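With chain A held as given, fit chain B onto it using these hints.
Number of protein chains: 2
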Amino acid sequence: MPKINIETAPVRTACMYPPPYDAQCAGRSKISLGDLGHLSQFGVNLTPLSPGAASAHQHWHKHEDELVYVIEGEVMLVEDDGETLLRAGDAATFKAGVENGHMLVNRSDQEVVFLEVGTRGEKDVCTYTDPDVDMQLVNGGEGWKPFHKNGEPY
Amino acid sequence: MPKINIETAPVRTACMYPPPYDAQCAGRSKISLGDLGHLSQFGVNLTPLSPGAASAHQHWHKHEDELVYVIEGEVMLVEDDGETLLRAGDAATFKAGVENGHMLVNRSDQEVVFLEVGTRGEKDVCTYTDPDVDMQLVNGGEGWKPFHKNGEPY
Chain A
1 MPKINIETAP VRTACMYPPP YDAQCAGRSK ISLGDLGHLS QFGVNLTPLS PGAASAHQHW
61 HKHEDELVYV IEGEVMLVED DGETLLRAGD AATFKAGVEN GHMLVNRSDQ EVVFLEVGTR
121 GEKDVCTYTD PDVDMQLVNG GEGWKPFHKN GEPY
Chain B
1 MPKINIETAP VRTACMYPPP YDAQCAGRSK ISLGDLGHLS QFGVNLTPLS PGAASAHQHW
61 HKHEDELVYV IEGEVMLVED DGETLLRAGD AATFKAGVEN GHMLVNRSDQ EVVFLEVGTR
121 GEKDVCTYTD PDVDMQLVNG GEGWKPFHKN GEPY
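Chains as they are written, first to last, in the working numbering: chain A, 1 to 154; chain B, 1 to 154.
Just so you know, the hints here were simulated from the structure itself, not pulled from any lab data. Small disclaimer: the values here were computed from a predicted structure and weren't measured.
The list treats identical chains as interchangeable, and a pair is accepted whether it falls inside one copy or across any two copies.
Computed cross-link-like contacts, PhoX-like style, restricted to lysine-lysine with a CA-CA straight-line distance of at most 25 Å:
#1 Lys3 / Lys62
#2 Lys3 / Lys95
#3 Lys149 / Lys95
Excised from the complex, chain A in its bound form (with noise of 0.2 Å):
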């Protein structure tokens, strides 16, 4: 059957981030729908952030489309250009190529559940926005790789 079990689901809390930048992860968990289908062309997540938490560091996908719908509470979109509240019942998309940071913080005093989809390319370049966040992310085929700004490896 197709459906997902979410109750036994495995939560993931593992963050991609090297250190100093992986303590913007506290307080996000991830259930991967698409993968624990075995879905391969797109991700959806069905992600929880506590008060307080991120969903990222501010940043935009050069080659993969996302999508965000919020299931329950609120969240403020905060992008290079402002900030907009997203309510449950909201949705947002962020298109492939658009050089506008973008993260999702909860200032609630609520956890907010939302859904985030993005596609599943073969290669994809993740750039971070803020100036004080030296990373970016690369993925040449293999999955995603931490580099410096300056091309050099973590």
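Then chain B, alone, in the frame of chain A:
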């Protein structure tokens, strides 16, 4: 801003099935969140189904992964090999090439709302497994077109 204004978004009720199969689309509507956000790699539809309505005829995709997530209400997942009730918070996946026809049917007395996610591939074939449905949909690279099961176009 990448937030989708769902309240003012166009609601799509068009059905690409030829008569008499288009009757299956009654009571179904879609808000195409991904299209509204100009995404091209996958589609995400917010799909309300009225009591008695179905999402589609039972089908499977040759090349495109699919995932559904129930936002509110409950809906019966009807497959060639059985039925599974999906409630709010449940998800199900349909991997490309798995020859098990599926559709969602609202047998409750309340509207159900779900998200459906599907890859936007260049080419695909959608096969309908109900022997009473003499239809297949083929996207040869220029959009979906309906054919009889013997290959003759509608």
